[in-house]
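**Student:** Protein chains in written order, with my numbering: chain A, 382 to 1327; chain B, 38 to 252.
Hints in this document: simulated from the structure, not taken from any laboratory.
The structure presented is a predicted model; accordingly, all values stated were derived computationally and were not measured.
Some hints could be false.
[Stated by the list, open to error] Using 25 Å as the maximum straight-line C-alpha spacing, the simulated SDA-like pairs for lysine to any residue come out as follows:
no. : chain 1 : residue 1 : chain 2 : residue 2
1   : A       : Lys-938   : A       : Ser-1073
2   : A       : Lys-1113  : A       : Gly-1050
3   : B       : Lys-223   : A       : Asp-561
4   : B       : Lys-188   : A       : Glu-607
5   : B       : Lys-216   : A       : Ile-569
6   : A       : Lys-564   : B       : Arg-127
7   : A       : Lys-564   : B       : Lys-188
8   : A       : Lys-564   : B       : Asn-148
9   : B       : Lys-188   : B       : Arg-127
10  : A       : Lys-582   : B       : Ser-104
11  : A       : Lys-722   : A       : Thr-770
12  : B       : Lys-216   : A       : Glu-607
13  : B       : Lys-223   : A       : Ser-645
14  : A       : Lys-564   : B       : Ala-143
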Amino acid sequence: MGRLDRVAALARDVTSATADVARNIVFGSGPEGEDDDGVERALERLTCGVLSSDRALAGRTLCEIVEERDSAKARVARAWGERLLETLRETTDDDDVIRAALEATRACASGRMGEGRDACRAMIARDFAWVRQLVSELRGRDFYSRLAAAQTLREASESEGEALRASAARDPTAVPTLMDAMKENEVIRNEALLLLVELTKDHEELQKIVAFEGAFERAFAVMREEGGVEGGVVVQDCLELCNNLLRDNPSNQTLFRENGFVRSVPGLAAVEREIGNSGMRGISAQKAANALCALETVHLLVSPNQEDGKRRNARHDAELEALLRQQRLAGCRANQSELAKTGTVEILVRASLGDSAVNAVSVRVAALRALAALVRNHEENQTELFSATADRAGTVTEPALLACGRTALHSLSPAERAAASSVLGASMRGNPDGQLLLVSTLAPTGFGATDGSEDASLGGLLARALATNVGMVYDQASVEAARILRDMLHRNDDAKLKALRVNLEPVTSRANASELLLPRCVRQLAVTHTTEDEKPQVERLQTVILRLLIVWLYECKPAVDAFLSSPGHLPAIADLARTGGSTESPHVAALACVVLGCCLLEKAGSVLDVVSARVGLQSFFMKWEAMTTSEQYVQAAETPKLPRALTRANVAKLAIQSDGEDEVPPGEGLYDNEITVFINELEERVKTSIMSMYAKPSAGEERSASSVIRRDGEDDASYLTRLQEALRASEKELEDVRSRNTVLAEQLLGTSNPAAAPSGDEAVSGSMENGSRPASNEALQAAVEAAKRANAHEIENLKRDLEDFKRLADERQESLTSLSSAYNGLEAEVYRLESEATGLRAKLHDIADSDDVSAPDTATLDVAREAGRQEGRRLAEVEFETRMRDAVEAAVAEAAAAHEAELNDLLACLGQEEASKEHLFARLLELGVDETALEEDLAKIVIGDE
Amino acid sequence: MSYAYLLKYIIIGDTGVGKSCLLLQFTDQRFQLVHDLTIGVEFGSRMVTAGGKQVKLQIWDTAGQESFRSITRSYYRGAAGALLVYDVTRRETFDNLSSWLQDCRANANHNMVIMLVGNKSDVSHRRAVSTEEGEMFARENGLLFVETSAKSAFGVDDAFVATAGAVLAKIDTGVLDVKNESSGVKLGYDPGRKGTSDVARLDVRRAEPGASSCC
């Protein structure tokens, strides 16, 4: 190729052909198949031509060709990039040629979509030399050249953003040059603006330098010039640039705040309902787009969330991570305060609620989301929102929160309902007084329109929504009401207690019935679906109610008591946990398990029995596992991220959308990040609690070995009683443990069956679970087994101990019995001795008596008496001696002593008798009584006595 | 708070010389060992009094690694002052100063005030660059010089305030044009409150005769 070309070119140089002629030659020639469109020739002349006008013409020709054909662009990219760049680099003093070359380059990089165009864009953006050259052309003398350079770069950035950013970051003049271009004629300014928007996407270093170069000042100056929120797409671009710079960039946010721009933002978001020439058609799409971008700015300033994927590669230790988080939160707080100073709360309320709400649902949704972020965890802003008002129907001024509640319950747009409900949630988060205030208004105020338009308080609105849904059908308003109620009770014990007493029956109701809130909510769980379409709604209602119960019952014993006081509640929840309700939703089942877990922490034994009987422990934890590994849960468990950035493309789409739904929230609205954090913590606690229940059923009364040991000073009877009690308690415990073991065993047998013969869906899930059987379940099972073994062992020991003690007790009893019989024997002996002694005494007495009567008369009597006495004495002495010996030997010491004393007395008596007998005997002898006769007489008496 | 001027500063120097720590010590009066490469503490500001005027300093911390060098170069043009930092315990950071200075001369506004900062002066037992060497380098290249310890805060305020003094002197003598946006200097204003800019202007007016009478 080329020879003919060169000849022709030479000829033209020589003859100074007119432009028209040259054009004819260009188009007319070209026998080569390669260059049937003349692009090669034009390029050749543009890059190698001599005459300025000729080269400029070739450039224009080239533009015309490439605009038509994508293949021509492809050829430029393939073979001519270097030559074109060379031309630009070497041409310093010919503005026409520079312009021609730049315009040709621009033509190659723009136009309809095609491989050739994209190849040209790649050629430019990926080559640092190209980018540097185009940037330097931006500083050129000629306006059109600068424009072409800016447009080329901007075109390239559309499909080669990343490459262009990398190249721009290497050129220290790139950003300063572009910032200078922002001050230029608005045509170039707009190009530079668009280019900066592209360059600042996801590139922190470029964001920083662009901010350093004064981008915020420029952007706000441009927006002022262009009419603020009423302005055109340039305003939107400026806001997009600001948003790029602020997005998850704390240091740029600090700069933004320090230089006073935060205060300029609310004005750009101030949109309201417009009724005018456009009637009720709503604000213009451009204004909606501007407002959406400004609302995004507000949101970025007050949201502590991070950008998705940013700092993916950064490895931070925990300390630095905490430091950065702290920094972000402090920045958000400062922005919240700063924004509130300029009336942002009021602006956002007016834009989204009541009569003034803008008639573009996507804007209202964005305003509500920004409002939620603005007040979240910020006391002053929450207070401001609580006292804010909104107008309704032109005549009524009502609290903004009530208007917000109405939107949350009755808006037709799901996104708007969710956003309004998040505003209410944010207004109560970290605001216990606010929660309590709203809970205290929970009472139906009467019967009115079902849309709640006549309710005068938020609580009234919610109470009605919860009370009116009597039929077991899905009701959107009651779902949202339950969601809001959850925020009212969130970690606020006073609010939970107060809500327990809320009576949903209107005071005016004639029937003196009472319908408490908690049972009312539980009843709603029984909702069923009739068509397949209703399934997601029923699932949603049930998950919302279950999550309400979780918040309500968690660490609130009175609430758990109230919940369990109705005998039907626990089994109902347990059944839901087993089956997942009518929709057989794994999420419903798992959340029901979480509710059971909350009850379990407060009321262990009874709940555990219901759980193991109705759900089965293994299945109970498998359902948790299924939930925490579900896609929705995993999504929600990720650290919350900033919403997708608004760009020209998606804003335009969003602005005209009628339902305002732009993206599905992570977790599909079933879960949010907070509950995943909560559930992960709770799962551990519930497991520990269940394990301890199996291991130590009577955790309260610690039974140690010392309790069965005899205490000091304890007598046999009470010790025995205590041992018996201990035995009874052990038996009861054993019984409990046995019954639990039975249930466990039944379940083990029961669960092994479906695994052996799986069918349908269960087969899939079963095999999955078998494959990746959660380690925690195995651990739990093992722990339960261990606990059982430990228990059996403990009880075995106790039994053995008891038997030992019993035996000991029997032995003691025996020895006691023998002791006491011995004692009785002694006692009887003593008695016998006593009676004998009495007999003896009586005899002696008789003897004394008879002595008194007969003594004066007969000596014989005296003798006989004397003999009898002596004989008696001897006999008595012998008798006494033996008996005394026996008694002393047999009797206990004290009894013997007592007898000895008596004996002594007796002996003393005998001694006296003896003395008197001697005396009488002597007297009788004196009287002349025959001694022998007397003795015979006496003997007779004694014999008679005997 | 009102101020007469707003000055843009950058902090440059090799990686690990303590640029972020200097900034944190100056703006937050605290020392924190940020183990990682510069992140999070990239922009800070503080009000100081220099030459009898309230001056707001806005300081950008740059990344010292070679891979970010070109980005760092982008900052030179718009800065009124630069703190060029080296580590007195690491000789190579001192040896690299000329390359940094070359960058400055190539990209910066020629009126940019450069303060040479020898940081980590508290680690005296491991010192590898003497104070005299630092002074000499500064003298030879027309830089201001100070030794600092970001850890003990020694010399830190001085480094920033003295730089501000030199910038103000250039403004007063007319060398530096405040109206030129790329000079890194802006006249004080407070966009939120009406009247404060007047106060700022009053401050300037009140301060200026004093300054001129000094000269």
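**Student:** May I ask which of the numbered hints given earlier this structure violates, with the numbers listed in increasing order?
**Tutor:** 2, 4, 6 and 7
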